[in-house]
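Asker: Those sequence lines, one after another, are chains A and B. Residues 1 to 617 in full-length UniProt numbering are what the first sequence spells out, letter by letter. Residues 1 to 617 in full-length UniProt numbering are what the second sequence spells out, letter by letter.
If you are wondering where the hints come from, they were derived from the structure by calculation, not from laboratory data. We put the beta carbon where it would ideally sit given N, CA and C, even for glycine. The hints are all genuine.
One-sided excerpt, in silico: chain A residues whose CB lies under 8 Å from chain B:
#1 V458
#2 P460
#3 D478
#4 G480
#5 P547
#6 K548
#7 N550
#8 S556
If you want the footprint, here are the derived chain B segments under chain A, 3+ residues with CB under 8 Å:
#9 446-460
#10 541-549
If you anchor each label on the Cβ, the simulated ranges turn out as follows:
#11 Q165/B with E515/A: 51 to 61 Å
#12 I543/B with G96/A: 24 to 34 Å
#13 Y549/B with K350/A: 31 to 41 Å
Number of protein chains: 2
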Amino acid sequence: MSPKITGELLRQLRQAMRNCKYFSEPIQAYIVPSGDAHQSEYIAPCDCRREFICGFNGSAGTAIVTEQHAAMWTDGRYFLQASQQMDNNWTLMKMGLKETPSQEDWLISILPENSKVGVDPWIIAADQWKNMSKALTGAGHSLVAVQDNLIDAVWMERPERPSTQLRALGLDYTGMTWQDKITVLRAKMTERKITWFVATALDEIAWLFNLRGADIEYNPVFFAYAIVGMNTIRLFVDLKRLYDPALRNHLQLDSPSKPELSIHTFPYESVYTELQAICAALSPKDKVWICDKASCALTQVIPKAHRTPIPYTPLCLAKAVKNATEIQGMKMAHIKDAVALCELFAWLEKEIPKGTVTEISAADKAEELRSQQRDFVGLSFPTISSVGPNGAIIHYRPLPETNRTLSMNEVYLIDSGAQYVDGTTDVTRTVHFGTPSAFEKECFTYVLKGHIAVSAAVFPNGTKGHLLDSFARAALWDSGLDYLHGTGHGVGCFLNVHEGPCGISYKTFADEPLEAGMIVSDEPGYYEDGSFGIRIENVVLVIPTKPKYNYRNRGSLTFEPLTLVPIQVKMMNTELLTQKERDWVNEYHRKCREVVGAELERQGLTLVQSDSFTQEN
Amino acid sequence: MSPKITGELLRQLRQAMRNCKYFSEPIQAYIVPSGDAHQSEYIAPCDCRREFICGFNGSAGTAIVTEQHAAMWTDGRYFLQASQQMDNNWTLMKMGLKETPSQEDWLISILPENSKVGVDPWIIAADQWKNMSKALTGAGHSLVAVQDNLIDAVWMERPERPSTQLRALGLDYTGMTWQDKITVLRAKMTERKITWFVATALDEIAWLFNLRGADIEYNPVFFAYAIVGMNTIRLFVDLKRLYDPALRNHLQLDSPSKPELSIHTFPYESVYTELQAICAALSPKDKVWICDKASCALTQVIPKAHRTPIPYTPLCLAKAVKNATEIQGMKMAHIKDAVALCELFAWLEKEIPKGTVTEISAADKAEELRSQQRDFVGLSFPTISSVGPNGAIIHYRPLPETNRTLSMNEVYLIDSGAQYVDGTTDVTRTVHFGTPSAFEKECFTYVLKGHIAVSAAVFPNGTKGHLLDSFARAALWDSGLDYLHGTGHGVGCFLNVHEGPCGISYKTFADEPLEAGMIVSDEPGYYEDGSFGIRIENVVLVIPTKPKYNYRNRGSLTFEPLTLVPIQVKMMNTELLTQKERDWVNEYHRKCREVVGAELERQGLTLVQSDSFTQEN
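Between the sequences and the hints, there should be enough to build the whole structure, so can you do that?
Answerer: Structure follows, in structure tokens:
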């Protein structure tokens, strides 16, 4: 991997920073965050501005360019990759290390007095703007909004913003019409005395209108904004996308059933001026909901007296609790996904001894097998297919220059998932095709104990997911081990594989309580640097349960695994498992055989597979 | 318990709210927090303003009075007590229940437009002021500081502020001179480029100067403020208290060893004007540290540009990590305390069959036995001595009108502790002197499993206490049970029995990581309303431990119980315990017998006690 040559680009960017065409005065520093105008986790090529300017293409990182310096902040997952992808015009700022200054502190330490720090207000979130602005102002500088993006100004062959075909989802996939979703949203608005709601997150807009796109790889979303009032609905999207009569019919564009359910469509770019017009007509008591992670540009259109920022929008909360149709779809998607993965493992057992399977070819095979399943749309994230030491790189993605061959001697970790029209999957299995070492088995077993402790946990209604995080770590902690990532994230239904507002992590405490119908991942791990990585991940559904007692009638919850892929028994040191844990494993495998077995049969597939996976223990 | 009659008082308070003598305009609501000007948890009688106005005397609660309404917010510990102590002029607001509005939401829902909400700026913390003010302003109201306290204005026979004798502690109790503590504090200030530190918490000031008082019952503190600069120390305290030559010598008031260690003393009340004078002379870059929980009044003296609010002061953090002398003292205090409690339980076994022991007399006996131990100063909190249904009232305190007789038929819960010059104790035991029911034993055993899960937990350095909270609940949750309080709090060394910045709770996420030398309580419980209460509480010391591995050289921690009082085996359903848990109980009882037995012997005491307590299981 050779670094990107950035000298000339930086020269041009600095020229733009001095050029009063873009801002009324020269600016002394320019911040390039990694997001798009919707604060998406995955972004389209036209939005990869931070990658364009510095060469680093990881999912998280912020670049800052001053007259003299160029620096890029990223976290531990990406230290190696960033150092390989950036040339020496750039300083790598390793976040999380004690000696690394924050962006604010660094700027304050190097800027001349009374400096202007520029940023594109569309790609910085309102809460980040606020913090950065406060720190800079406190030190005599100012954060300024530069309306034209300066990276775009020097990016000659910047790709177009995608405008892929939209897909309307019927009731059999969504379980609820977009009209009913609007009605529920308005009821929430009435309850909180809110008159307008501005939707900026792409998955929330896709969910609200029961539409899907393909504008961003892995995420079936499309570039849009929506503004919902008590009597009007405004949708901002490339209008060409709405020529299709079926879509027009789905959205009732030409013959709305009721006036308050008529959708007014506007070009994507006009959201700013339309929101301005709405705000100009607000009554003194009118309140506008907008997520505090929405762009600074759009947030600041709303006068402060009318603005009600919220950490999670009502759409985010509603989307997280899946209805019966969505749950049924997610179950089907996971059964199909399990068929593909069982085929993969059977194929790997046969092919690995030949020495021809690599991380990349195994990932390709997994994709090929998934693509044969009904309603397959694409992958839900880049497959992590890693052998031996590569498995210890938590967010590894095999590249030609790192590609290892699968063998009988090393642990193999595959974390993969797909988008089907009926649901989204995300599963990690860690397997060995020869004889795992005692230490590998020991670590695997601790991770399994943690996985089971979460999956089988019973907890009262109202419990937040982060309170379950330590259950996943207790067995590892007991032996002095740990893993440096969270235990679980929300999973969308034919939507983003990572979604809020729930999760299982020691880090986030702004999560909302778990509720029946929510779907999260359960994925503890252990990573031995330079040697191997272990992770066991199921997607699990929050379900009500009835333990012996019912304290204060609060009701209890637990999890039901949606993922039904065997967990390799060969990797377990069963002596370290309690009887309850053994029962859990055996019951899980019984269910895999029953449900996935029936589907394999239905599809006319017979797998020759060793019993290393599901033998009773 | 009959409620306080508050009609006339409320009439007078509302008159004061309308009276422009106190504030330039009438105010529509008045907030009465429960704290004093130091945000103390326990307060002196002169500061019991919330109790005075509504009758509820629990430790936590906020009253709000408007022209039409009077409401009081408290948490689950106090629902019953508050409902009994308040007359029907008052609405009890049960915090933590979904249907209960926050104080802000409630005010906004009932206040007429553009209302003024008053509060005494000395008894509201700066962070609470900020949140409340923001919420009210957002709804068109305003929060206003009323300098004269309106409760004091209607409180005819308000007690004087106490000014008890001060006690200087030598190195053999503190392990560190106050001069060294000042030096360490200044080093922390230098590190963070801070020029002034304002100490407002009474226990921090007592700890810093190695002084103790008795101004507040149960807490060996004294009313004072301190302001520490790089070259000066200002102590604000009733100056009469410093006439004693021994104290003058301890503080080196007449012959300071070095100029920068000379203490300038000022009257308690002059802190406001002195801080004003200091702030008037600040250089542009000077920064002042003050806890964000300090009073709004004092905080706002510091100009915003110079103010650096912190959630925990360096004194709070330093005080939490006990040094070797303090740990030794705490251990001795707990051994003496265990002697007294073993005597109590032996006495109870003998006396209960006679039918003459009540909750109050048992509590008195416990105090009498403790007072016979060396260096006893007083209790560390009001003894919770509760029989049967009274045990289900989490913060019950026996009163003549609720006093029950201990019997062979009901569960007895005693939560008690003492201040000794060498340390502070806090222990809860739940016992039965006849035959407990199967359900009582079942619940006791779940609580015990939770207690052991925390006490025996191994966790990496850097782990925050709140991550351990769910360990205490898992066994209860599994059966659909729970308890509505945190699992543990920091414990001072001959200081407050509750102290920050660490704890074990699902509620606080601002806690600091646990460190070797910190001391916390481990006290899960279960409360069956109208029937019984169970709690098992030890004070435990955080100690380093060496599990099998040492991931990333982070090191691991665990707990060592300081409390050494047997846990009644008769209450356990040992079939529900794992072998590991049985081993823990047996080893704990072995240590109790060895250590407390030796002390009993040393003191020439022989106890006749049944083996219901410590038999092997």
